[in-house]
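Produce the complete structure using the sequences and hints provided.
The lines below spell out each chain.
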Amino acid sequence: MIPQLGQAALLLALAVALLAGTVPLAGATLGRPRWMALARPLARLHFALVVAAFGCLAASFVRNDFSVLYVAVNSNSTLPLGYRLAGVWGGHEGSLLLWLTMLAGWMLAVAQFSRQLPEAFVARVLAVMGWISIGFLLFMLLSSNPFERVFPPPPDGNDLNPLLQDPGMVAHPPMLYMGYVGFSVAFAFAVAALLGGTLDAAWARWTRPWTTAAWACLTIGIMLGSLWAYYVLGWGGWWFWDPVENASFMPWLAGTALIHSLAVTEKRGAFKSWTVLLAIVAFSLSLLGTFIVRSGVLSSVHAFATDPKRGLIILVFLAIVIGGSLALYAWRAPTLGLGSRFGVVSRESMLLANNVLLVVAMLSVLLGTLYPLLLDALGQGKLSVGPPYFDTVFVPLMVPAVLLLGLGPLAKWKQAALPELAHRLRWAAVASIAAALIAGAWAGHISAGTTLGLWMAFWIVASIAVDLWQRRGQWQALPRAMVGMLVAHLGVAAFAFGISMVKSYEAERDVKMAPGDTAELAGHVFAFRGVREMQGPNYDALQGLLEVSRGGTLVATLRPEKRIYRVQQTPTTEAAISPGPVRDLYVSLGEPVDQGRAWIVRLYVKPFVDWIWGGCVLMALGGAIAASDRRYRARRRESQAGVIAEAGA
Amino acid sequence: MKGLRFALPLALFAALVFFLWRGLSLDPREVPSPLIGKPAPAFALAQLDDAAPTLRRDDMLGKVWVLNVWASWCTACREEHALLLAFSGAGIVPIVGLDYKDTQPEAQAWLARFGNPYTATAFDGDGRVGIDFGVYGVPETFVIDRRGVVRFKQVGPLTPQVLEQRILPLLKELSRG
Amino acid sequence: MARRLVAMLLCLAALCAGAAEAPPAAADPALEARMLRIAAELRCLVCQNQTLADSNAALAVDLREQLRTMLRQGRSEAQVLQYMTDRYGDFVRYRPPVQPRTWLLWFGPAVLLAAGLGALSLVLRRRSRLADAAFEPDNDNPAEEGNP
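Residue numbers (the numbering used here), protein chains in the order written: chain Z, 1 to 649; chain D, 1 to 177; chain V, 1 to 148.
Hints are computed from structural coordinates only; laboratory data are not their basis.
Warning: the hint list may mix true and false statements.
What the hints assert, rightly or not - Going by beta-carbon spacing under 8 angstroms, a handful of chain Z positions derived as facing chain D:
#, residue
1, Leu277
2, Phe291
3, Ser295
4, Leu298
5, Gly311
6, Leu312
7, Ile313
8, Leu315
9, Ala319
10, Ala327
11, Pro334
12, Leu375
13, Gly379
14, Lys382
As the structure is a computational prediction, the values presented were derived from the model and not from experiment.
A virtual CB, placed ideally from N, CA and C, is assigned to each residue, including glycine.
Spelled out as structure tokens, the structure:
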């Protein structure tokens, strides 16, 4: 009954999406207010139906309804309730439904929070998003139906992949999709503007909060994925430049470029065609990511469904949506004006230089990710492109970007002078280099690499300090957009600091420990107390116990485990971590040796590693603060005039 | 021309779609062998049957032959075993087995139970020879020509299609020359 | 006093009796570190999305042992990498070799950067040479001057 309801909800949603994609769009072109006015109610109805479908799938998981094939494949009666709910998005079909639900949510948000926008514009935006929804609904209904049934229903399910049975994995996909899919709003804004034929600074002002909000969600989504990898995968790594990780990072890079480019377009009405292109590209990269994960074209540890048939459908969808929008761009962009003047050296030009760096970085990641495919398709053999390539190429691009991060906020709009900037920042430059050297010496050793990495973090902080000092007396009156910017940039500094410290000063030891043995690492003493057997709800485990002391006092008790999940018989290694503001203690259990009398244990002390994810949280927080700036909120008086003006457009 | 550069993103995207479409028919996990066209690695191994003398690569010079890497613990090897027996029975070329990372008793029992298609079986207990051959997914099958050069490698179980469309024509060609 | 001393010594002895400083897991930690550094740049062919250093597949364990042996024999990192590519092809290296077929990969980013910065500077200079009439009026709001 419930699965059938869910199925019906999806079919109805498709019908509503078809209406939403056509009628308001026609209304905007033909100037029919009543057709345009249908856009918002249709978006609300669409949301209700999609959420209903999602609810039906969730209910099927909770009720252990194994007649639904997707539930049978991804769940089990011994699976704890929380993970049964997370199982809704644990596999290909369900994650598509999550994608669609996020899209429906963003459509609802646009319908609700766009009172100040012209009706024709809103009609077009919702229509474009409606078309994306149609694509996903068709894809699901034709090839990846989460409500497909299996008769007779199996007595129990296959269980959720043990790697996904974890709070981090529960939160990661929803946040990630909220971000990815959120870029569809900027995309729709861009396409709507190209369709309407006019694009001005006001358009940029409308687009900014939506883009920044999506960007903040994506930042958290990527952060959660990285954090999960760190504490689940057992080897302490947090970024592997895996194709699917790159698939989420590329839209992030394009999105970061976009939020900065929007600043120039809002301020000067300039570089409109570039900003519009970025908006199209950011969402296109989100769609490309969807393709990469599900088509089997690239080998990845994350890959959902490696099915070339499904891949073909997504590729066709991509070609239509992205190809169509890029064709529209090629046609309409030349008509967009130049905006107003600004100097060759100015805050605007620095923001654009930042854009060049971020876009080149994004293209480099794209190149590295797709290169194996490129060579293979050209018959040039098989290659692997991994962390050594990306680290070599990406970091040098970020150094000038960080330099600009310090210079930009202090540069004047319209016309700035480099000598003056240099003069203002001279103490910041000296202080940041000194701080980098001092921090390096305190941490253990100094080298060119460590100094560069630490300098990047200190430079940002120093330049923010100079900026704030210049504005002393106005701190109470700083607009949220500025506060958000400062917080986000501080986040970048924390992020850079964490990475530099961990990469340069991490301490590691692999030791053989019998109960009672101790090992010393970075001023900490790790005492091994042995291993015992224990049972979890759906797994059996061997749990080690280590007590860590520093200067004689106990600072942490760590319990690393080796688990076997009963249903799938999959072994996993669960590292034990003691997080802290200045270091993480990380212990992982290896294999037993000496006939089980001793164990291989891997010990790590990772300085400031949590600053990596803390930095990401600050970045997202900064974005949220900036997006809530007063000037983005509804100006009712303007909106009425806008409606009258647009009705004729 | 001013307008043309706005079409550049579309053109680049079209190229991207083309490569992605091509990618759908490729397998990113398949690793081609760098040994093709190069001499097969030399080896001198004891045979599974203790009584038989040491088996060397050079013993097979002058003949076209097939090397099949297998193990008693390998479940996929059973999938191709019937095909191998039929192929060996046809007597086209000698099939030499390379027993990879196995134990003698289990390997011998496996052959006794499922049939022995090999004219001889080399015993590679520690897997060193397997590494030299670039083995990573047992079962693997190599076709080696009269001069000892590797001409073909199949990773994974042999299928009738691979046998008929790739291996048999190659063997015919190599035997002629 | 003497009794306290004896008690303390007995306690110390008890503490030391079972507890020992744990030996390193590897026989030669320096060699192990070198081996792992090389293995971190190699791809495990069985679990194809892990490095050879991290994978627990049987082949990975064997190959790591093979790397240790080669390093002990005094072979250089280049020779070890050559050994691996001779058997498994370039696919096994996570750092693609610089060859004509990878020039685009390795030099592409630098070329893109030069092109991007060049294009930006060209566009900015061209804009600065245009007459005021080509631009739209500046709707600058002085109240938002400092705003990002």
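Practice problem: Go through the hint on Leu375 (chain Z) and say holds or violated, using the shortest Cβ distance to chain D against 8 angstroms. | Solution: This hint is violated: Leu375 (chain Z) lies away from chain D, its Cβ roughly 10 angstroms from the closest one there, beyond 8 angstroms.
Exercise. Tell me if Gly311 (chain Z) is really an interface residue toward chain D, meaning its C-beta lies closer than 8 angstroms to one of theirs.
Key: Check passed: Cβ of Gly311 (chain Z) comes within 5 angstroms of chain D, closer than 8 angstroms.
Quiz item: For the hint on Leu312 (chain Z), does the least C-beta distance to chain D fall short of 8 angstroms?
Solution: holds (6 angstroms)
Exercise. Please verify that hint: Ala327 (chain Z), Cβ, nearest Cβ of chain D, below 8 angstroms or not.
Key: holds (6 angstroms)
Quiz item: Taking 8 angstroms as the limit, does the beta-carbon of Lys382 (chain Z) come near enough to a beta-carbon in chain D?
Solution: holds (6 angstroms)
Quiz item: Taking the closest Cβ pair, is Leu298 (chain Z) under 8 angstroms from chain D?
Solution: holds (6 angstroms)
Exercise. Report holds or violated for the interface hint on Ile313 (chain Z), using the least CB-CB distance to chain D and a cut-off of 8 angstroms.
Key: Violated: closest Cβ of chain D sits about 11 angstroms from Ile313 (chain Z), beyond 8 angstroms.
Practice problem: Could you check if Leu315 (chain Z) really has its C-beta closer than 8 angstroms to a C-beta on chain D? | Solution: holds (6 angstroms)
Quiz item: If you take the shortest Cβ to Cβ gap from Gly379 (chain Z) to chain D, is it below 8 angstroms?
Solution: violated (10 angstroms)
Quiz item: How about Ser295 (chain Z): closest beta carbon in chain D under 8 angstroms, or not?
Solution: Holds: closest Cβ of chain D sits about 6 angstroms from Ser295 (chain Z), inside 8 angstroms.
Self-check item: Restraint check, 8 angstroms cut-off on beta carbons, for Ala319 (chain Z) near chain D
Solution: holds (5 angstroms)
Quiz prompt | Interface restraint verdict for Leu277 (chain Z) against chain D (beta-carbon cut-off 8 angstroms) | solution = Cβ of Leu277 (chain Z) sits 6 angstroms from chain D, so the hint holds.
Going down the numbered hints, you'll see the structure goes against 7, 12 and 13, while the others check out.
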